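Student: Sequence:
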Amino acid sequence: MKFAVLADIHGNALALQAVLQDMQSQCVSEAVNLGDFFSGPLQARDTADMLMAQDFLSIRGNHDRILIEQPPEEMGLSDRAAFDQLSPQHLQWIKALPATRTVFEEVFLCHGTPSSDTTYWLERVEDTGTVRAAKLAEVLKEAEDISASLILCGHTHIPRVLRLPDGRTILNPGSVGCPAYDDIAPAPHHMQTGTPNASYAIVEKQNGEWITTFRSIPYASDAASAYAVQNGRHDWAHALRTGWFER
Numbered sequence: 000m001k002f003a004v005l006a007d008i009h010g011n012a013l014a015l016q017a018v019l020q021d022m023q024s025q026c027v028s029e030a031v032n033l034g035d036f037f038s039g040p041l042q043a044r045d046t047a048d049m050l051m052a053q054d055f056l057s058i059r060g061n062h063d064r065i066l067i068e069q070p071p072e073e074m075g076l077s078d079r080a081a082f083d084q085l086s087p088q089h090l091q092w093i094k095a096l097p098a099t100r101t102v103f104e105e106v107f108l109c110h111g112t113p114s115s116d117t118t119y120w121l122e123r124v125e126d127t128g129t130v131r132a133a134k135l136a137e138v139l140k141e142a143e144d145i146s147a148s149l150i151l152c153g154h155t156h157i158p159r160v161l162r163l164p165d166g167r168t169i170l171n172p173g174s175v176g177c178p179a180y181d182d183i184a185p186a187p188h189h190m191q192t193g194t195p196n197a198s199y200a201i202v203e204k205q206n207g208e209w210i211t212t213f214r215s216i217p218y219a220s221d222a223a224s225a226y227a228v229q230n231g232r233h234d235w236a237h238a239l240r241t242g243w244f245e246r
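In numbering that gives the first Met the number 0, the protein residues as written are 0 to 246.
These are calculated hints, taken from the structure and not from any lab test. This one's a predicted model, so the numbers in the text were calculated from it and none came from an experiment. Ideal Cβ placement from N, Cα and C applies to all residues, glycine included. Please note that the accuracy of each hint is not assured.
For lysine-lysine, the following DSBU-like pairs were computed, each having C-alpha atoms within a straight-line distance of at most 35 Å [claimed, not checked]:
| id | residue 1 | residue 2 |
| --- | --- | --- |
| 1 | Lys94 | Lys1 |
| 2 | Lys204 | Lys94 |
| 3 | Lys140 | Lys94 |
| 4 | Lys134 | Lys204 |
| 5 | Lys204 | Lys1 |
| 6 | Lys1 | Lys134 |
| 7 | Lys140 | Lys1 |
| 8 | Lys204 | Lys140 |
The following label-pair restraints were derived from C-beta to C-beta distances [claimed, not checked]:
| id | residue 1 | residue 2 | range |
| --- | --- | --- | --- |
| 9 | Pro187 | Leu163 | 27 to 33 Å |
| 10 | Glu104 | Val160 | 17 to 23 Å |
| 11 | Ala225 | Gln20 | 17 to 23 Å |
| 12 | Ser86 | His233 | 24 to 30 Å |
| 13 | Thr101 | Pro217 | 31 to 37 Å |
| 14 | Ala136 | Ala219 | 39 to 45 Å |
| 15 | Arg162 | Glu72 | 44 to 50 Å |
| 16 | Asn206 | His233 | 45 to 51 Å |
| 17 | Thr101 | Glu68 | 19 to 25 Å |
| 18 | Glu203 | Pro164 | 21 to 27 Å |
| 19 | Gln91 | Thr129 | 37 to 43 Å |
All chains, full assembly: derive it from the sequences and hints.
Tutor: Here it is as structure tokens:
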């Protein structure tokens, strides 16, 4: 069993295209997608068309949920920018997706944690805004009711893999299209990978063990940054160009 793990594309069609091409070069045709497909000042419509054509096993993330639950006039800038590009058909596709699901009998998909699409699983944010790795006890608490041998999550945009004491693996593939961002919850903080590359992972089960390969793919990030500038989002432009939110 071998497949790609994608997450947090955020409307970056150029990054998604680069990942799809890299998957082809790695002879990987199957993939799962962990949500947050469109939100951002980039190419939501083109991203939607590509994803619907691929028909990957997918779940929706918190920003996808906002697109189908929140009135447009109440959306934040990134969600509204995506909403204005998407067709009713695209939104209906999101509505049909679950928040979590189990695939291949032993692979569990969620966006944040099994119970929340807005909670970080493998990282924690202190009251000061400092981001740290989650402690083992914190990780295990969220995994109590999940029996799958491979647990996949996204949301933080940070590539990580953890092996739990009982042998289960938890994997975050990083973000295909948004390498750095800021947020105000649970405290104001920055998440940043320090590279503009598109990030995803390839997993394969061999001799009963999950093998993870992280892929960091250069692409036309300057062109993606230019889309953000055109849409008045210089914060996104800097993050896309450098992989850092802070200057």
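Student: All the hints need checking, so say for each whether the structure fits it.
Tutor: Going down the list of hints, with the structure as the test:
no.: 1; hint: Lys94 x Lys1; result: holds (28 Å)
no.: 2; hint: Lys204 x Lys94; result: holds (31 Å)
no.: 3; hint: Lys140 x Lys94; result: holds (29 Å)
no.: 4; hint: Lys134 x Lys204; result: holds (26 Å)
no.: 5; hint: Lys204 x Lys1; result: holds (7 Å)
no.: 6; hint: Lys1 x Lys134; result: holds (29 Å)
no.: 7; hint: Lys140 x Lys1; result: holds (28 Å)
no.: 8; hint: Lys204 x Lys140; result: holds (25 Å)
no.: 9; hint: Pro187 x Leu163: 27 to 33 Å; result: holds (31 Å)
no.: 10; hint: Glu104 x Val160: 17 to 23 Å; result: holds (21 Å)
no.: 11; hint: Ala225 x Gln20: 17 to 23 Å; result: holds (20 Å)
no.: 12; hint: Ser86 x His233: 24 to 30 Å; result: holds (28 Å)
no.: 13; hint: Thr101 x Pro217: 31 to 37 Å; result: holds (34 Å)
no.: 14; hint: Ala136 x Ala219: 39 to 45 Å; result: holds (42 Å)
no.: 15; hint: Arg162 x Glu72: 44 to 50 Å; result: holds (46 Å)
no.: 16; hint: Asn206 x His233: 45 to 51 Å; result: holds (49 Å)
no.: 17; hint: Thr101 x Glu68: 19 to 25 Å; result: holds (24 Å)
no.: 18; hint: Glu203 x Pro164: 21 to 27 Å; result: holds (23 Å)
no.: 19; hint: Gln91 x Thr129: 37 to 43 Å; result: holds (41 Å)
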